[in-house]
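K.L.:
Full structure from sequences and hints, please.
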Amino acid sequence: MGEQKVSLVQSKEQMRSFVQSLLKDIRALEHMLDNNMFESGITRIGAEQEMVLVNNQTMNPASIAMDVIGQLSDKQWLETELAKFNLEITLDPQEFTGPCFQTLETEINQKLATISDVLKQYDTSLALTGVLPTFRKNDLEMHNLTPKERYKALMTAIHDQLIGNNFELRIFGIDELLIRHKSPLLEACNTSFQVHLQTDAKDFAPLYNLSQTLAAPVMAISANSPLVFGKRLWHESRIALFQQSIDVRTTHEHFRERSPRVSFGSDWLDTSVIEIFKEDISRFRVLISSDIKEDSLEMIRNNNTPKLRALQVHNSTVYRWNRPCYGISPNGQPHLRIENRVLPSGPTVQDEIANACLWLGCMIGMYDNIKDIRKHIGFADIRDNFGKAAKYGIDSNFTWFKDKKISACELIKKELLPYARAGLKSRHVDDADIDKYLGIIEERAETHMNGARWLLRGYTKLKEETNRVEALRLITQATIENQQSNIPGHKWEMPSLDLKKDYATHELLVSEIMQTDLITAQKDDVIELVSAMMNWKNINYMPVENTKGNLVGLVSSKEILAYFKDKDLLPETSQKNIADIMIEEPIIVSGNTKLTEAISIMQTKDIGCLPVVDDGELTGILTDWDITRISKKLMDA
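Position 46, counted from 1, in the sequence shown is what our numbering calls 49; the numbers after and before it change by one each time, with no gaps.
These are computed hints drawn from the structure, not numbers from a lab.
Check each hint, because a few of them may be wrong.
As the list claims (entries may be wrong) - Within a straight-line C-alpha distance of at most 30 Å, the following computed DSSO-like cross-link-like pairs (lysine-lysine) qualify:
id, residue 1, residue 2
1, K416, K439
2, K551, K561
3, K428, K417
4, K8, K151
5, K416, K391
6, K408, K391
7, K428, K205
8, K551, K391
9, K378, K391
10, K408, K494
Unchecked claim - Each pair of labels, with its calculated beta carbon distance range:
id, residue 1, residue 2, range
11, M536, H451, 40 to 48 Å
12, S119, G552, 40 to 48 Å
13, S43, Q124, 42 to 50 Å
14, D387, S10, 33 to 41 Å
15, Q124, K551, 42 to 50 Å
16, E467, A535, 28 to 36 Å
17, H379, K15, 46 to 54 Å
18, W539, N112, 33 to 41 Å
19, D433, I45, 17 to 25 Å
20, K561, L181, 31 to 39 Å
21, E588, R286, 49 to 57 Å
22, H451, T550, 44 to 52 Å
Keep in mind that this is a model prediction, so the values were computed, not measured.
Ideal placement from N, C-alpha and C gives every residue a C-beta, glycine not left out.
P.N.:
What follows is the structure, encoded as structure tokens:
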């Protein structure tokens with residue numbers, strides 16, 4: 004997450020001071036670029052591994068990151084992330100040659116094993132997946148924000164920029180997700196495997212353009228994030244989820260364009276990295292600041308390398324999928340890197356290294372053969388490809404060079420794998436590494452299977468065999484167990500009910516069990532219509548709501564039967580509407596109510612239904628049938 008010693012801007016003077024430091028950093032960067040001060044002649048790679056902590060009994064996120072950090076405080080490679088259930092490993096940078104990929108895999112496995120040893124005492128496992136299937140909306144509330152000033156300042160600053168009243172998610176796939184959320188902490192759903200490539204300053208622009216071009220096919224073959232809140236959405240839902248979770252824009256009557264802080268970009272890079280930094284400073288307001296002590300221009304005059312801290316703080320709040328990075332090498336020279344943020348976490352460490360191997364190999368192989376990608380494909384096409392890859396993953400069809408239409412798998416097999424192999428060989432990467440990791444990519448393309456397709460097919464299968472909650476828990480359990488075997492994801496067997504174990508149920512929330520696809524009535528509906536709908540849909544309880552979606556009553560089959568009995572005896576009752584027989588103030592619960600508490604209420608009050616109301620709005624209904632359906636284990640919890 005970058006520089007930690009940051010804060011909200013508290014005064015005009017603080018803002019002025021930070022902006023002045025930011026402008027000095029831009030001038031210093033321009034000077035270093037103009038005078039060839041950047042390290043050159045060496046190519047290094049690096050990565051960051053994000054993960055989710057998962058409770059073994061519930062398969063829900065475990066908010067224990069600070070406890071784990073406390074026990075591993077001597078491990079400088081382990082960092083907190085935005086939420087209490089996330090951790091991040093920073094891998095050692097290494098020269099892009101020899102057994103670099105096997106070395107990277109070994110390092111990740113060793114560090115994950117260190118974390119896993121600590122997690123055992125908390126009955127918790129770590130999961131490598133783009134979005135954890137068992138996330139609940141309640142998990143993304145501010146109580147799960149990591150208690151560090153940087154995160155608090157960032158969340159507050161983003162919220163202060165919000166034009167509307169809420170953040171909104173609108174994602175359409177097999178299912179659809181349409182929800183409002185009060186906090187930008189939804190961003191914490193996303194976990195990725197971020198790969199860095201150090202470049203010579205003179206090569207940065209053409210390599211960055213290549214990275215933009217490769218984003219779509221590399222994402223398509225590596226997609227691993229199709230499930231959000233139990234909905235089957237985009238193959239790489241992280242793309243939409245990240246942008247929308249911190250998107251402060253709202254709809255307007257006019258056509259003014261406003262850029263989201265999470266973006267693919269709007270055009271090719273022309274000459275140097277400075278264009279990106281200037282663009283982002285121009286378009287995006289400063290969100291957070293830091294007490295900058297260094298004068299970057301003065302440091303250059305004294306032959307010292309500046310850290311450009313103001314620029315780095317601002318850059319950390321603008322989320323390009325291919326992000327430019329500035330750093331200082333061990334020899335004291337500045338360097339530039341391209342950070343690929345497209346790749347998801349998982350399905351296994353081998354899969355992640357294979358994804359990195361494909362991207363890095365193609366970057367070198369294509370640059371050796373195609374110096375300027377802009378002569379072969381238009382920016383509109385690569386941006387369109389990016390959107391297609393996020394939505395359809397391995398099922399995508401792309402527009403490629405000379406307007407050729409080609410499927411993701413064919414593009415990978417026929418064009419990108421040969422480029423990648425040539426690029427890796429030119430860097431003298433070990434043949435064993437090339438064959439192993441590119442072989443995983445080739446097998447995915449041949450079998451038309453990756454993490455996203457496995458999750459979609461597995462979850463759909465489980466939903467047909469059991470209830471939604473258990474299906475989500477089983478798919479998460481299967482993911483974790485398969486990861487521990489380290490068999491590449493395209494070889495995983497479909498999950499089955501044989502995995503089923505006695506999950507702890509005391510943490511289940513009403514929102515996980517309730518029905519959300521509701522058939523409702525309104526007060527002036529005729530009773531005969533409501534009776535017919537209840538009979539058609541085979542339901543015993545129907546909420547009554549107003550035109551704003553607010554609950555105003557509840558009618559059950561008991562009231563309907565009583566009405567028809569009276570109607571036979573007293574014909575004048577036929578003029579009644581549903582408002583005349585409904586329960587006007589039914590007992591309600593919220594979606595965040597523990598299921599065990601809701602069951603207790605239903606038993607104590609001897610009722611068979613609880614409408615679920617959040618912020619005054621009807622959001623669901625919990626019936627005795629839902630509880631029976633979830634199995635007897637819940638009743639015994």
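K.L.:
Compare the structure with each hint and give your call.
P.N.:
Each hint, compared with the structure:
1. For the given pair, K416 sits about 15 Å from K439 by alpha-carbon distance, which is consistent with the 30 Å threshold.
2. A threshold of 30 Å between alpha carbons decides the hint, and for K551 with K561 the separation of about 27 Å falls inside it, so the pair holds.
3. Taken as a hint, the K428 and K417 pair is honoured in the structure, with Cα atoms around 18 Å apart against an allowance of 30 Å.
4. Restraint check for K8 and K151: satisfied, since their Cα atoms lie roughly 9 Å apart, inside the 30 Å limit.
5. With a C-alpha separation of about 19 Å, the suggested pairing of K416 with K391 holds against the 30 Å cut-off.
6. The suggested pairing of K408 with K391 holds, with an alpha-carbon distance near 13 Å, which does not exceed 30 Å.
7. At roughly 23 Å between alpha-carbon atoms, K428 and K205 fall within 30 Å of each other, so this suggested pair holds.
8. Between K551 and K391 the alpha-carbon distance is near 35 Å, which puts this suggested pair outside the 30 Å criterion.
9. A distance of roughly 22 Å separates the Cα atoms of K378 and K391; the hinted pair therefore holds under the 30 Å criterion.
10. At roughly 29 Å between alpha-carbon atoms, K408 and K494 fall within 30 Å of each other, so this suggested pair holds.
11. Distance hint check: the CB atoms of M536 and H451 are about 43 Å apart, consistent with the given range 40 to 48 Å.
12. At about 45 Å, the beta-carbon gap between S119 and G552 stays in the expected band of 40 to 48 Å.
13. Taking 42 to 50 Å as the suggested C-beta distance range, the pair S43 and Q124 conforms, at roughly 48 Å.
14. Range check, D387 to S10: about 40 Å between beta-carbon atoms, so the 33 to 41 Å window is met.
15. For the pair Q124 and K551, the supplied restraint of 42 to 50 Å holds, since their beta-carbon distance comes to about 49 Å.
16. Taking 28 to 36 Å as the suggested C-beta distance range, the pair E467 and A535 conforms, at roughly 29 Å.
17. In this structure the supplied range 46 to 54 Å holds for H379 paired with K15, their Cβ-Cβ distance being about 49 Å.
18. Separated by about 56 Å at the C-beta atoms, W539 and N112 break the suggested range of 33 to 41 Å.
19. A hinted range of 17 to 25 Å holds for the C-beta pair D433 and I45, which are about 18 Å apart.
20. A hinted range of 31 to 39 Å for the beta carbons of K561 and L181 is consistent with their spacing of about 33 Å.
21. Against the hinted window of 49 to 57 Å, the Cβ-Cβ separation of E588 and R286 comes to about 51 Å, which satisfies the hint.
22. Roughly 47 Å separates the CB atoms of H451 and T550, a value that falls within the hinted 44 to 52 Å.
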